[in-house]
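Trainee: I would like the entire structure built from these sequences, with the hints used as guidance.
Number of protein chains: 2
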Amino acid sequence: MGRPPKGTRPVTDPSLTEDFWRELTGNAEPSQREQFLWLSIDLVRELGLNQFKITTVAKMLGYSVAMVNHHFGSRDGLIAECAERVHQNYSLQLIDATEAAERNPRARLEAYIKARVVCGRELGGWTQVLNYPFHSFESPAIAIARSGDAFENSFFRNLMFITQLVLDLQTGTVSESRPDREVFANEIMRQNPTAIFHASNIGTATAGAVMWMSGRMDVFTQPQEIVELANAALEWQVQHLVNSIPVS
Amino acid sequence: MGRPPKGTRPVTDPSLTEDFWRELTGNAEPSQREQFLWLSIDLVRELGLNQFKITTVAKMLGYSVAMVNHHFGSRDGLIAECAERVHQNYSLQLIDATEAAERNPRARLEAYIKARVVCGRELGGWTQVLNYPFHSFESPAIAIARSGDAFENSFFRNLMFITQLVLDLQTGTVSESRPDREVFANEIMRQNPTAIFHASNIGTATAGAVMWMSGRMDVFTQPQEIVELANAALEWQVQHLVNSIPVS
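Chains as they are written, first to last, in the working numbering: chain S, 1 to 248; chain E, 249 to 496.
No wet-lab data here; the hints were simulated from the structure. Any given hint might turn out to be false.
Rough simulated footprint, nothing fancy, chain S against chain E, three-plus residues with beta-carbon under 8 Å [unchecked claim]: (1) 297-305; (2) 374-386; (3) 452-458; (4) 482-488.
Every beta carbon over 12 Å from chain E, so not counted as near; a handful from chain S, in silico [as the list claims (entries may be wrong)]: (5) 24; (6) 122; (7) 201; (8) 207.
Virtual Cβ for every residue (Gly too), placed ideally from N, Cα, C.
Mentor: Structure follows, in C-alpha cells:
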C-alpha cells in the first residue's frame, strides 16, 4: 500500500502547506484521499493531461503510486473522479454567478454566459478533458463506469439551467427554482422547444470560444492587437448571443 | 537508423496494402517519410493522441522508432507535422465545399458551415490536438518551432475566408478570389469591422458543436431521442448562425 509505519507521517513536498490546501480545497487538513484528488486537479489544470504523471502526485504527497490504485483503482479512475468534481464545481460556479447578477432575465443570462467563458479559461488543462473525454482517457470505459452518470447528470443539469435562462429572457420572468428533468420535459420543452436550441447554441459557442482563447491562443502567442481583437470578439459574441434570441 | 539491409524490404503490417495507401494519401506507393506521416495521421484520428504510440507506427511499417526521430526529430515533431498537414487539408476541404455550392452568398456560407461540422467530426482525435495544441504536446515549443507558422497561416487563411463569406452575404455578392492579408486588412476590415466578429462567432460555435458531437456524445452514448435532438440542434444552429447576420 505504500503507507508509512503507524505514527509517522509521510514526507510531503514543502509547497503543500496548510494555506495551500485551504485555498485549493477549503480545508487546511483534507483527508489523504482528498489530497490525492485535489492535488491531481491542480496539476492537470496547470499541465494538461499529457504531462500529468501520477508518480508526481504520489511523490509530492510522500506515497507510492500504489496508493493511487488503492483509492481510485487506476490513473483513469483518478482522472475520472477529478473530472466529475471539476465539472460539478464548474456548474455550481455558473449558477452562483447567475444568482449574483441583477435580478432581470437579460442580466442573468449575460452573467451566465460571461461566467462560462471565465470559468472555462480557469479550468486550463481540464477543458480538454471535459470536452474530449473519449480521447483523454486510456480507457473511456473505466471512466464511464466510475463517473459517467454523475458527469452526465452534471452536464444535463447545466443544459437545463441555460435553457431556463433563455426561456426567462423570452418571457420576461426570473425563475426562482432550478428545473428538474420532469419540469424540463413537461413545461420548458412543451412551452418552447426552440429554447433548448438557443441554449445549446450558447453552450457550443462559448465552449468554442474558451477553446480558441485557452487552447490556441496560449500556444501561438499573438501580438497585442490580435489579443485585443479576440477580446472584443468575445465581448461582441456575448451580446450577439443574447440579442439573437427572439423575445415575446 | 533501423533501415534494413540494402535490397530487402521491411516486413510491414498486412493491412498496409496499395489500396490502403491510395485511399489515405492518393498514392499507392508513398515515400517512407509520407508513410510515417499518413499512418500517424490515420492512427491519431482513430485513437486520439493519448493512445497513439510511435512504437505502433514504426512496427507497422517494419522499422524501429529511431526512424521517427530520423525523419521528424521526435514524437512531438511528427505530431506537429501531421497536425499542420491535417489542418491544411481541412481548410482546403472547406473551400472546396463552398465552391461546390450554388453560386449565391447564402448557399455558400451554409455549405461552408456545414462542411466545418462534417469535416470536424471526421477529424476524430485530431480535433482535440488542433483545438488544444498547448495541452496536446509534450513540448509545445518543439511543435511551434517546427510547424507554428504554417499552422497559424492556415488558421488565419481560414478565418479570412469565413469573413469574406460573411461580407459577401451582407453585400449580396459572390467574391471570386480568396482574400490575402493585405486585402483583408485594407478592404474587408475597413468596409465592415463586424464581419470578422460574425466570422469568429461562426468559428467558435461550430468548433464547440463539433466538440459536443464528437467529444462528448461518443463517450456518453445517448438514447436515440437525444441524438436526434442534438442533430436537430445542429441543423437549427447552421440556420441561426446565418440568419443572425444583418444584411444590407
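Trainee: In terms of Cβ atoms, is chain E entirely out of 12 Å range of residue 24/S?
Mentor: Label holds. Min Cβ-Cβ 20 Å, cutoff 12 Å.
Trainee: Checking the smallest CB distance to chain E, is residue 201/S really beyond 12 Å?
Mentor: The assertion about residue 201/S is violated, with a minimum of 5 Å to chain E.
Trainee: Compute the least Cβ-Cβ separation between residue 122/S and chain E, then decide whether it is above 12 Å.
Mentor: The claim holds: residue 122/S sits with its nearest Cβ about 14 Å from chain E, beyond 12 Å.
Trainee: Can you take a look at whether the segment 482-488 of chain E is actually covered by chain S? Rule is 3+ residues, C-beta closer than 8 Å.
Mentor: Per the Cβ count (3), the hint holds.
Trainee: Checking C-beta pairs, does the segment 452-458 of chain E have three or more residues closer than 8 Å to chain S?
Mentor: holds (count 6)
Trainee: Hey, is residue 207/S genuinely clear of chain E, shortest beta carbon separation above 12 Å?
Mentor: Given a closest Cβ separation of 4 Å, the condition is violated.
Trainee: Mind checking, does the segment 297-305 of chain E have 3 or more residues with a CB under 8 Å from chain S?
Mentor: Answer holds; 3 residues pass the 8 Å Cβ test.
Trainee: Can you confirm whether chain S covers the segment 374-386 of chain E, using C-beta to C-beta distances below 8 Å and requiring at least three such residues?
Mentor: With 10 residues in contact (Cβ-Cβ under 8 Å with chain S), the coverage given for the segment 374-386 of chain E holds.
In terms of the numbered hints stated before, the structure departs from hints 7, 8, listed from lowest to highest.
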